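Enquirer: For the protein sequence lines, the chains are A and B, in the order given.
Under numbering that gives the first Met the number 0, think of the first position of the first sequence as 0, with each following residue one higher.
Under numbering that gives the first Met the number 0, think of the first position of the second sequence as 0, with each following residue one higher.
Hints are computed from structural coordinates only; laboratory data are not their basis.
Remember, predicted model here, so these are calculated numbers, not experimental data.
Each residue gets a CB set at the ideal place from its N, CA and C atoms; glycine is no exception.
Do not take every clue at face value.
Cβ-to-Cβ under 7 angstroms is the rule here; a few derived chain A residues that face chain B [said to hold, decoys possible]:
(1) Leu-107
(2) Lys-354
(3) Ile-358
(4) Phe-414
(5) Arg-417
The calculated EDC-like cross-link candidates involving lysine to aspartate or glutamate, where the alpha carbons are at most 20 angstroms apart (straight line), are [as the list claims (entries may be wrong)]:
(6) Lys-324/A - Asp-34/B
(7) Lys-401/A - Glu-411/A
(8) Lys-98/A - Glu-53/B
(9) Lys-86/A - Asp-34/B
(10) Lys-96/A - Asp-84/A
(11) Lys-98/A - Glu-6/A
(12) Lys-2/B - Asp-44/B
(13) Lys-86/A - Asp-47/B
(14) Lys-27/B - Asp-47/B
(15) Lys-83/A - Asp-47/B
(16) Lys-342/A - Glu-11/B
(17) Lys-2/B - Glu-19/B
(18) Lys-90/A - Glu-19/B
(19) Lys-83/A - Glu-11/B
Anything over 10 angstroms on all C-beta distances counts as not near chain A; from chain B, calculated [to be verified]:
(20) Ile-6
(21) Met-10
(22) Pro-14
(23) Asp-17
(24) Ser-32
(25) Asp-34
(26) Asp-44
(27) Ile-50
(28) Glu-53
(29) Glu-64
(30) Ala-67
(31) Glu-71
(32) Gln-72
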Amino acid sequence: MPFVSIEFALFVTAALILYYLIPKRFRWIVLLAASYVFYAISDVQNLFYIVFTTLTVYASAAFMENRQKRSNEYLSANRERLSKDEKKAYKASVKNKQKLILWLCVILNFGILVLVKYFNPCLTAAQNFAIAYFNMFRLNMFHNSDFIPFKNFIMPLGISFYTFQSIGYLIDIYYGKYEREHNLFRFALYVSFFPQIIQGPISRFGDLSKELYTPASFDFNNIRSGFYRVMWGLFKKLIVADRLGGYISATMAMKENYKGIYILLALFFYSMQLYGDFSGGIDVAVGVAEMFGIRLFENFERPFFSKSITEYWQRWHITLGTWFKDYIFYPLSVNRSMIKLGKTVREKGMPTLGKRIPIYLPMLAVWIVTGMWHGSTGKYVVWGLCNFVFIVLGTEFEPVSKKIIASLNLSEGSFPVRAYRVVKTFLLMSFLRIFDISHDTIAAFTGVKYAFLEWGSFSWEKVYKDLLLPKEDLIVVMIAVAVMFVFSLIQRKGSVRARIFNLPVPVQWIILSALIVAVSVFGYYGMGYDAASFIYGNI
Amino acid sequence: MNKDRIIEILMEVHPEVDYETENGLIDKRIFDSFDVVTVVGELMDEFDIEITAEHMIPENFNSAEAIAELVEQLEDE
Chain A
0 MPFVSIEFAL FVTAALILYY LIPKRFRWIV LLAASYVFYA ISDVQNLFYI VFTTLTVYAS
60 AAFMENRQKR SNEYLSANRE RLSKDEKKAY KASVKNKQKL ILWLCVILNF GILVLVKYFN
120 PCLTAAQNFA IAYFNMFRLN MFHNSDFIPF KNFIMPLGIS FYTFQSIGYL IDIYYGKYER
180 EHNLFRFALY VSFFPQIIQG PISRFGDLSK ELYTPASFDF NNIRSGFYRV MWGLFKKLIV
240 ADRLGGYISA TMAMKENYKG IYILLALFFY SMQLYGDFSG GIDVAVGVAE MFGIRLFENF
300 ERPFFSKSIT EYWQRWHITL GTWFKDYIFY PLSVNRSMIK LGKTVREKGM PTLGKRIPIY
360 LPMLAVWIVT GMWHGSTGKY VVWGLCNFVF IVLGTEFEPV SKKIIASLNL SEGSFPVRAY
420 RVVKTFLLMS FLRIFDISHD TIAAFTGVKY AFLEWGSFSW EKVYKDLLLP KEDLIVVMIA
480 VAVMFVFSLI QRKGSVRARI FNLPVPVQWI ILSALIVAVS VFGYYGMGYD AASFIYGNI
Chain B
0 MNKDRIIEIL MEVHPEVDYE TENGLIDKRI FDSFDVVTVV GELMDEFDIE ITAEHMIPEN
60 FNSAEAIAEL VEQLEDE
């Protein structure tokens, strides 16, 4: 069921009515039922996958808890008898058993994710290779390009998001961060909560469970505030993001004819499109949850105002970034072998390199995985590696950059320096998006080359007529982007909605009406339009 | 005793800091991630403790006092 559809609006309305009509202690059951109905309507064939993840993670957490309880009982019963070293050895053996279960569950669930995500691209690559090989030797054994008799997998809805969220939960249970959820059905709700299943945010159990299991009383402010947030998300998605897709696809498909500024414009537009699409989708998710009185973690914090690439990634898709930091980066970084490697290099007379190894190697791993997470083809890994290289260069050249700034008699906090850093970060991050909008890595590098050629041949008329972005659409997009920019500036000083709700009621109504009218009139509902296809919904 | 040894370890990374009074090593960005991981490695070797990802939060590394508390807690485990 698409997020942007009448069906979804009716579905949410029905769920809200039911949710607030029944007693508080049963409300989570309505959410669970709504989540499974939502999932089944969207993807009934793949219900198996989400149930599998729910059951395996639940059972693994139960095993860990039972093992820990038995261990605590044993230790307290033998407190006097066991020496400190014996206790330590016993605890280590218990932890090893828990670790084994953790790894089994991680491998099972990530194995499924990798299978459904990479099987088809790998199969296609293998087929193409085999056909090329046989053709080379003139062995025309296969006339059918789909000759390998395997069933293609269809990516289950939201599998990347709920797998990450569930495995994060299990790792936290392993660390003893909080007590596991004992009720299987309540846990199933944590995994499947419908507003966030398509594209996140990836919530932590400690945050989301409190919201899901302790329902708030009905408060009209939640409905109002959530509705504003949903409309703002639709504004970004329908007015900005969906209007720009045509120009980007057309330009990149015909990049031999449209070089230079056309490509740079496509990169700028893609940054707007992706931000509008993804943050707009998150706004809808957060807004819908808010109507149920449930606060989700924010996934964006005005990323285009970042002063470095590191900061940008701390403000874009925040919940994925913190997931990688907590469950991949730090475990690798403080791993004994990694620390030992760094120390050995330091002691061999390379202190600077030795210090960097336990940071840069895990970071490299994170960026390879981030690339793979974003897509199943090689270009995404190259994109991840480019991000890694830019971050390393940024970190290593920071002292030089500071010296240059000081030599110009400017301070870090001064406007020219901040503006320079923000613009530089935006341009670099937009430029790296060439991988997203190109067919493959080679096409991306060709795109980079073309971006710097034939600047003189640019004509707006061609943009309007040949590249599927009529003048009227461009004007609407630019006005909408300007509105988003102004709202972001206001947001730096606090919530925009809180400010709106402090205004006189008639003014509030005018703003809401303007938002609804803007979305209804200027939302992009062209031929073949499919609002369901959020870019991050395909991950 | 732990705290004295911890201050010695910290001094090897940033000798210019007054560790008796400073309580914003991370928050004030006196230590960057390279420094923190270097200190973690030294602590693990020196006190035979296991510092894992769950302990990598700013509050545990903001001061010599906080680090000493973390070490003490991990020694007891």
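Enquirer: Hint by hint, note whether the structure agrees.
Expert: Hints versus structure:
1. Leu-107: violated (21 angstroms)
2. Lys-354: Since chain B brings a Cβ to about 5 angstroms from Lys-354/A, closer than 7 angstroms, the hint holds.
3. Ile-358: holds (5 angstroms)
4. Phe-414: Check failed: Cβ of Phe-414/A comes no nearer than 22 angstroms to chain B, outside 7 angstroms.
5. Arg-417: This hint is violated: Arg-417/A lies away from chain B, its Cβ roughly 17 angstroms from the closest one there, beyond 7 angstroms.
6. Lys-324/A - Asp-34/B: holds (17 angstroms)
7. Lys-401/A - Glu-411/A: holds (8 angstroms)
8. Lys-98/A - Glu-53/B: holds (15 angstroms)
9. Lys-86/A - Asp-34/B: violated (33 angstroms)
10. Lys-96/A - Asp-84/A: holds (19 angstroms)
11. Lys-98/A - Glu-6/A: violated (44 angstroms)
12. Lys-2/B - Asp-44/B: holds (15 angstroms)
13. Lys-86/A - Asp-47/B: Judged against 20 angstroms, a Cα distance of about 15 angstroms means the pair holds.
14. Lys-27/B - Asp-47/B: violated (29 angstroms)
15. Lys-83/A - Asp-47/B: The hint holds at about 13 angstroms.
16. Lys-342/A - Glu-11/B: The hint holds at about 14 angstroms.
17. Lys-2/B - Glu-19/B: holds (10 angstroms)
18. Lys-90/A - Glu-19/B: Not satisfied, since the Cα-Cα distance of roughly 35 angstroms exceeds 20 angstroms.
19. Lys-83/A - Glu-11/B: violated (31 angstroms)
20. Ile-6: holds (20 angstroms)
21. Met-10: It holds; Met-10/B is separated from chain A by about 15 angstroms at its closest Cβ, greater than 10 angstroms.
22. Pro-14: Label holds. Min Cβ-Cβ 14 angstroms, cutoff 10 angstroms.
23. Asp-17: holds (23 angstroms)
24. Ser-32: violated (5 angstroms)
25. Asp-34: Non-interface label fails for Asp-34/B: nearest chain A Cβ at 8 angstroms, not farther than 10 angstroms.
26. Asp-44: The claim is violated: Asp-44/B sits with its nearest Cβ about 8 angstroms from chain A, within 10 angstroms.
27. Ile-50: Violated: least Cβ distance 6 angstroms, not greater than 10 angstroms.
28. Glu-53: violated (4 angstroms)
29. Glu-64: holds (21 angstroms)
30. Ala-67: Holds: least Cβ distance 18 angstroms, greater than 10 angstroms.
31. Glu-71: Per Cβ check, Glu-71/B is outside 10 angstroms of chain A; nearest 15 angstroms; holds.
32. Gln-72: holds (13 angstroms)
This entry does not satisfy hints 1, 4, 5, 9, 11, 14, 18, 19, 24, 25, 26, 27, 28, going by the numbered hints stated previously.
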